[in-house]
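Engineer: As you go down the protein sequences, you meet chains A and B in turn.
Note that the working numbering numbers the first sequence so that position 123 is 123, with each residue one more than the last.
Position in the second sequence counted from 1, then plus 1000, gives you the working numbering.
Bear in mind the hints are in silico, worked out from the structure with no lab data behind them.
Please note: incorrect hints may appear among the correct ones.
Unchecked claim - When the alpha-carbon atoms are kept at most 27 Å apart in a straight line, the in silico DSSO-like pairs for lysine-lysine are as follows: (1) A:K172 to A:K55; (2) A:K29 to A:K55; (3) B:K1092 to A:K114; (4) A:K172 to A:K183; (5) B:K1285 to A:K55; (6) B:K1156 to A:K114.
Stated by the list, open to error - Simulated DEER-style distance windows between Cβ atoms: (7) B:T1103 to A:I108: 32 to 42 Å; (8) A:S141 to B:A1288: 37 to 47 Å; (9) A:Q22 to B:I1274: 33 to 43 Å.
Cβ coordinates follow ideal geometry from the N, Cα and C atoms, glycine included.
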Amino acid sequence: MTAAIDVDAVTVHYGAVLALDQATLRLDKGRICGLVGMNGSGKSTLFKSIMGLVKPDAGTVTIAGDTPAMARRSGAVSYVPQSEDVDWQFPLSVQDVVMMGRYGHMGISRRPRKADRLAVADAMERVELNDYAHRQIGQLSGGQKKRTFVARGIAQEATTLLLDEPFAGVDKRSEATICALLKELAGEGATILVSTHDLQALPELADEAVLLMRRVLLHGTPQDVLRPENLALAFGLDVMSRSGAAL
Amino acid sequence: MSIFEFLLEPLDYAFMQRALAVTVIASVVCAVLSCWLVLIGWSLMGDAVSHAVLPGVALAYIVGAPFALGAVLFGFLAVALIGAVRDTSRVKEDAAIGIVFTTLFALGLVLISVTPSQTDLTHIIFGNLLGLSHGDLVQVLLLGAVTFAILVIKRKDFTLYAFDPTHAHAIGLNPRMLGALLLGLLALTSVVALQAVGVVLVVAMLIIPGATAYLLTDRFGRMLVLAPVISAVCAVVGLYASYYLDAASGGMVVLSQGAAFLVVYLFSPRHGLISARVTAAKRRKLVAA
């Protein structure tokens, strides 16, 4: 069976800096995978490779058997950015942002047709933001902001969702709402890759998890990945624990 | 003198009719473009490109090519050079912009000074609204119409590019192309506006209307209407003021745009300084009560 996301021995350099070192990751359709690693471990670079924003020096990426370029043209991949990468003052409403998910389905001037309006309304309903359709995005709570971008992916009819730190600045209740929503989407066949610092949420949300430290150190169940000795590998705590033992 | 006489008297002169047409066209096209420039954070880039087109225009004049071609060529050259200086040296972007556009602008000044022509240097630098020929008008009309049409047709893509280029890429658009198109239109617009207010003040028309509209609304669609309307009204007011006060026309147009910004900055219902203070004071009172 063709993997929904297949990252095969991908190596990426930024100048002299090695960002990804033969990273390999296969995800099957309908799975939710948590991506765990410290800052600079290559999580963003992995996302960028899957979207085709960086060209690997070696290795290949395919999405349901397609190259990243083919996947982009068919609108298969949707990306939910980190909060700090979004200009929340931008004069756009929730509906405007969700509509952007439909642009790939529209003509040259991106004039929405009935099907587009319906898809946007459905997506906003799905994430329970229909009452906020005309609100400027900066006037939403942290969780609503995230759901706006997830709704954009739903409207896009993306089969692969990439979420970059979706739980940062989000309260526990909204986090639960987002988790439930992602599981629903996965149940309908979406493949979801989530990078997160929120390790507690991982077993509840994810079917599997990956420890990244420029290369994939471990790919297993969330419980495996969260074992202290494994986390220590990814977060470089092994030196500390050893010196602690010597004391 | 009645209000009609006041408004109609200047239009008895063909040069005033042409001046009015060119100012309104330039201000509308610049204002539409400015909505994206202020949101992307390209104000300095607008400043740079509008100055850097000067040697392109001068060279086009020398070899007898269309001004627009030279302008777009040098607009892109400026952006490429800025990128190169920023990426291949330790000089930061603002300094790179400053170095590149002033040097290109200086090259333009030198080229114009050694080229025998009827084109007066001061006209290019400060505009020559009252001395426009019929040919100038046709060129402004043509360039203005083309630029305006592309901006309006591609407006949603430009907004997506300004807001989230990663998503643009993810759905198969080409953000680099969109950025390059926007820069090309910026260079064309600079040529249009150069005729009206001169190369020094073009940047005002490329920033002030968008910034003013941004303080008035939270909807981008409304911004795209408000900015050109405000800009056109200011252009007309400025032109009449320059006629009756016998003052520099380009200066008057920009001065009225600056005045409009000040009023909005202070009194905008949503994002104005004073209304924000009033709202805060009311909230304090409410809490105290």
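Engineer: Would you mind marking each hint as holding or not holding in the structure?
Structural biologist: Do the hints match the structure? See the list:
Proposed proximity of K172 of chain A and K55 of chain A is contradicted: the alpha carbons are some 37 Å apart, above 27 Å. For the hint pairing K29 of chain A with K55 of chain A, the CA-to-CA distance comes to about 24 Å; that is within 27 Å, so the pair holds. Between K1092 of chain B and K114 of chain A the CA atoms are separated by roughly 48 Å; this puts the pair beyond 27 Å, and the hint is violated. Under the criterion of a C-alpha separation no larger than 27 Å, the hint pairing K172 of chain A with K183 of chain A is consistent with the structure, at around 16 Å.
Distance check on the hinted pair: K1285 of chain B and K55 of chain A sit about 58 Å apart at the alpha-carbon level, beyond 27 Å; violated. For the suggested pair K1156 of chain B and K114 of chain A, the alpha carbons sit about 18 Å apart, so the restraint of at most 27 Å is met. Checked against the given bound of 32 to 42 Å, the beta carbons of T1103 of chain B and I108 of chain A, roughly 38 Å apart, stay inside it. Evaluation of the 37 to 47 Å hint for S141 of chain A and A1288 of chain B yields a failure: the beta carbon distance comes to about 27 Å.
Distance hint check: the CB atoms of Q22 of chain A and I1274 of chain B are about 60 Å apart, inconsistent with the given range 33 to 43 Å.
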